[in-house]
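Novice: Let the sequences and hints guide you as you build the complete structure.
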Amino acid sequence: MALAYTLGLRALSLVGVVLVVLVLVVVTLGATGFSDRMLTAIVSEEMRGQRQALAETIRDPERLEETLRERRIDLEEFYGLDDPWYTRLPAMVGRVLTLDLGSARNLRSFDGSSRVTDIVLERVPYSMMLVTTSLVITAIIGLWLGAKLATRVGTRSDRLTSYLAAASNALPAWWAGILLILVLSFQLRIFPSGGLYSSPPPEGELLRFMDLLWHAALPVLTLVLVSVGAWTYVVRTMLLNTAQEFHVTAARARGLPEGQVMRRHILRVAAPPIATNIILALTGSIGGAILTETVFNWPGMGRLYFDAITTADEAVIVALTFMFTLMYVAARFVLEILYVVLDPRVRYTAQ
Amino acid sequence: MRPGEALRVVLRSGSGRLGIGLLAVLVFVSLLVPFFYPLDFGLRFWNNPIAWADNPKAAPPAWTNLVGDQAPRHRVFDAESPSQTVETGPATTRLYSFTFDHDSETPPTFLSVSVGEVSFYDRPPVISMSLARPDGLTATILQEVVRGQRPDETPPVSRFADEPRRIFLSGDTNALTAATDFLLQEFGLRLSEAEIQGNLEAALFGTPTSSDAPEFEPLTGEYTATIRVITYDSRDAVESVRFVAAGGVFGLMGTDTQGRNLATGLMFGFPVALIIGISTSVAATILGTFFGILSGFSGGRTDTIIQRVSDVMTNIPLLPILIFLIFVLGQKLWLVMTILVIFGWPGLTIILRSMVLQVRSGQLVEATQALGASRWRIMFRHVFFQMAPFIVAQMIFFTPAAILAEAGLSFLGLGDPSLPTWGQILEQGFRTGAIFIGYWWWILPPGILIVITAMTFVLLALAMEPVLNPRLRETAA
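Respectively, the protein sequence lines represent chains A and B. With the first letter of the first sequence counted as 1, position 42 gets the number 42 in my numbering; the numbers rise by one all the way through. With the first letter of the second sequence counted as 1, position 232 gets the number 232 in my numbering; the numbers rise by one all the way through.
The hints are simulated quantities; they were obtained by calculation from the structure and are not laboratory data. Quick caveat, the model's predicted, so the values are computed rather than measured. Careful: at least some of the hints might be erroneous.
[Claimed, not checked] Pulled from the structure, derived: some chain A residues nowhere near chain B, Cβ distances all over 10 angstroms:
id: 1; residue: Asp36
id: 2; residue: Arg48
id: 3; residue: Glu66
id: 4; residue: Ala91
id: 5; residue: Val93
id: 6; residue: Leu121
id: 7; residue: Pro125
id: 8; residue: Met128
id: 9; residue: Leu143
id: 10; residue: Leu145
id: 11; residue: Ser198
id: 12; residue: Arg254
id: 13; residue: Glu258
id: 14; residue: Val269
id: 15; residue: Asn277
id: 16; residue: Tyr305
[To be verified] Some but not every residue of chain A turned toward chain B, in silico, with C-beta under 10 angstroms:
id: 17; residue: Gly16
id: 18; residue: Val21
id: 19; residue: Ala53
id: 20; residue: Trp175
id: 21; residue: Leu179
id: 22; residue: Ile181
id: 23; residue: Leu182
id: 24; residue: Ile290
id: 25; residue: Leu291
id: 26; residue: Thr294
id: 27; residue: Glu314
id: 28; residue: Val318
id: 29; residue: Tyr328
Every residue gets a Cβ at the ideal spot worked out from N, C-alpha and C, and that includes glycine.
Specialist: Dropping the structure here:
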């Protein structure tokens with residue numbers, strides 16, 4: 001019961017985040033006249049379709065124009081274009097929520113559709129693929145290396161890791177990606193510089209998959225490279241803080257094997273603060289993915305953002321801003337659950 | 001801990017010394033910039049192609065000549081007064097001679113002649129240019145009459161006052177024809193218009209090796225370019241003359257595809273980066289500290305409201321919102337900084353509140369309260385100063401985040417066009433495809449500078465750790 005209450009509270013807070021972002025986006029769009037332009041574009045597009053349809057049935061050009069004018073007024077009323085922008089805030093929030101933002105100006109989906117929903121949603125799996133793969137790899141390396149370093153504090157490798165962790169705070173992912181392209185792609189020609197598949201893509205399922213992995217190698221390597229240092233450092237420091245507690249000394253005094261002390265008395269206790277730090281690191285990894293995709297021409301949402309900015313495609317930018325917030329909030333909620341599971345105190349204080 | 005003591009602890013560590021050294025360099029360069037640059041540098045020079053016309057395009061730095069092939073040096077000759085004046089009757093010929101040693105196997109990348117303001121009374125002056133080569137031959141490649149007096153003008157007639165008359169010889173039809181004539185006369189080589197196109201420099205700075213194709217053997221040695229301006233009245237005046245034999249290498253940092261001197265752009269980026277980083281982090285820290293202490297101290301509804309707001313704000317992914325807002329509201333640097341401040345303070349507020357709660361329930365506060373100290377005095381004299389080192393460390397830690405956020409935004413093409421930043425230089429390079437052509441001098445330096453600047457503050461934050469955590473201080477000493 002208490003668990004559900006705690007999680008419900010967190011969920012409510014995160015729903016609040018989504019709403020705040022939505023309102024912020026919609027108010028900005030309304031107050032700057034952006035939403036007017038977007039809706040006018042939607043109306044114009046529907047009018048184009050209607051004109052073609054009506055031209056078949058109504059032969060008299062004057063009557064055709066008259067009918068079209070009436071339809072236009074109807075449509076403008078329907079979209080609320082005749083009212084001031086703040087009266088259509090709720091409707092606009094609904095449109096953003098369902099990604100019902102009409103058509104993109106220049107961007108197209110892979111099969112040629114210009115609906116914003118199609119364009120944005122088909123990119124989601126590619127972004128998820130990049131972020132989750134690199135996150136899993138980083139987590140495995142970070143936990144393993146962090147635990148290893150915590151047992152040899154003050155050694156040269158420990159100090160080196162601290163410095164590298166600090167340095168990775170100053171190394172933007174996109175710049176690391178550019179360096180990797182310059183060295184591994186342009187100079188040594190080991191990896192492709194970007195894209196999803198070679199052109200032409202190889203025949204056969206397995207070969208195609210291998211080709212995809214080969215193309216994903218550099219972007220994933222970039223994301224791992226810029227975040228693994230900080231991860232390792234956080235894990236090491238948290239473990240170290242726990243290792244100095246009395247219950248660990250007590251466990252050692254009882255003669256428990258070192259491996260068991262590490263697993264049960266240090267790792268388990270240090271898990272919640274490590275999870276907190278992972279939550280905080282998520283912001284960076286999502287931002288990093290936007291720019292990394294741009295550098296590697298990886299057809300995810302980040303690259304779409306870059307293309308949408310370049311072609312000034314307003315509807316796509318609104319949709320992407322919302323999608324990124326949604327993804328981020330969803331990921332945070334998963335980690336909140338993890339946190340509650342890991343830390344019994346959270347469960348009890350909630351009662 | 002007093003500030004002096006804290007500084008000593010910071011200086012004791014290697015990262016602290018390195019950080020402070022780097023910061024000193026960054027600040028020094030930044031302070032130099034206002035002396036050498038106009039404030040509207042971005043609009044008037046950096047993003048104005050005319051200002052960079054006489055520079056070679058996409059040329060690597062000059063020091064690359066130390067290794068590998070010898071690319072020709074970039075030569076610009078400016079003269080305000082003629083090197084020689086010859087008077088023949090009413091006509092005066094001003095001769096501007098520029099002698100240079102062309103020692104490269106590669107010809108100059110382009111040639112151009114510019115004439116500054118010209119004023120005349122009677123007949124319009126005639127401008128011509130010839131090139132004397134090491135083999136004794138002289139090629140006349142330019143002959144142009146300044147546009148004459150219009151009916152509505154009264155002498156003295158002034159020409160090219162706003163902008164010098166620039167003749168880009170490498171693309172000038174008359175110059176190409178003149179060069180074809182020169183080759184036919186001296187070497188018997190007949191070239192079509194298409195064949196001389198793009199080969200003007202090779203032809204002028206070489207000897208033909210074939211009798212019917214545009215193939216030339218480089219000719220090194222001393223060249224003299226002479227620009228003649230013939231005027232027909234003693235009161236006529238010529239302001240200045242410039243001749244450019246563009247090189248294959250340029251300056252300290254090379255140029256981009258527009259010919260912009262990357263060294264100037266990179267140098268201008270120093271103060272911009274520091275201002276972005278420091279002012280946003282200072283503002284965000286002040287806000288965060290104020291709300292954190294207020295929230296922890298007042299409790300009740302104020303506390304709840306501040307905590308709820310902070311909680312929501314820290315949960316918003318910054319970069320997507322930043323991209324959206326800048327795209328909609330306009331590409332202004334102050335806007336970027338404002339948004340970074342608005343989203344930057346809540347993190348600190350949450351941490352400080354929990355610290356205040358801890359301190360408030362401590363004995364020190366209780367004792368000062370018993371002594372009759374006011375709320376405000378306790379808040380600032382006792383609570384704030386106890387947390388001051390931590391706040392400073394947080395401020396330093398936030399600085400690189402702000403610099404990197406701006407750089408990332410610029411890299412997406414949302415930089416402020418009136419102020420060139422490192423991120424923008426990188427973005428232009430990336431968009432032009434510089435990484436795929438191998439223009440490393442365009443891509444590497446801005447990124448390295450961004451990383452070094454961010455690194456400076458990270459090192460300082462690292463050195464602050466012993467100040468915050470006495471346990472670490474003992475082990476470090």
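Novice: Identify every previously stated hint that the structure contradicts and give their numbers, smallest first.
Specialist: When the structure is compared with the hints, numbers 16, 19 turn out to be violated.
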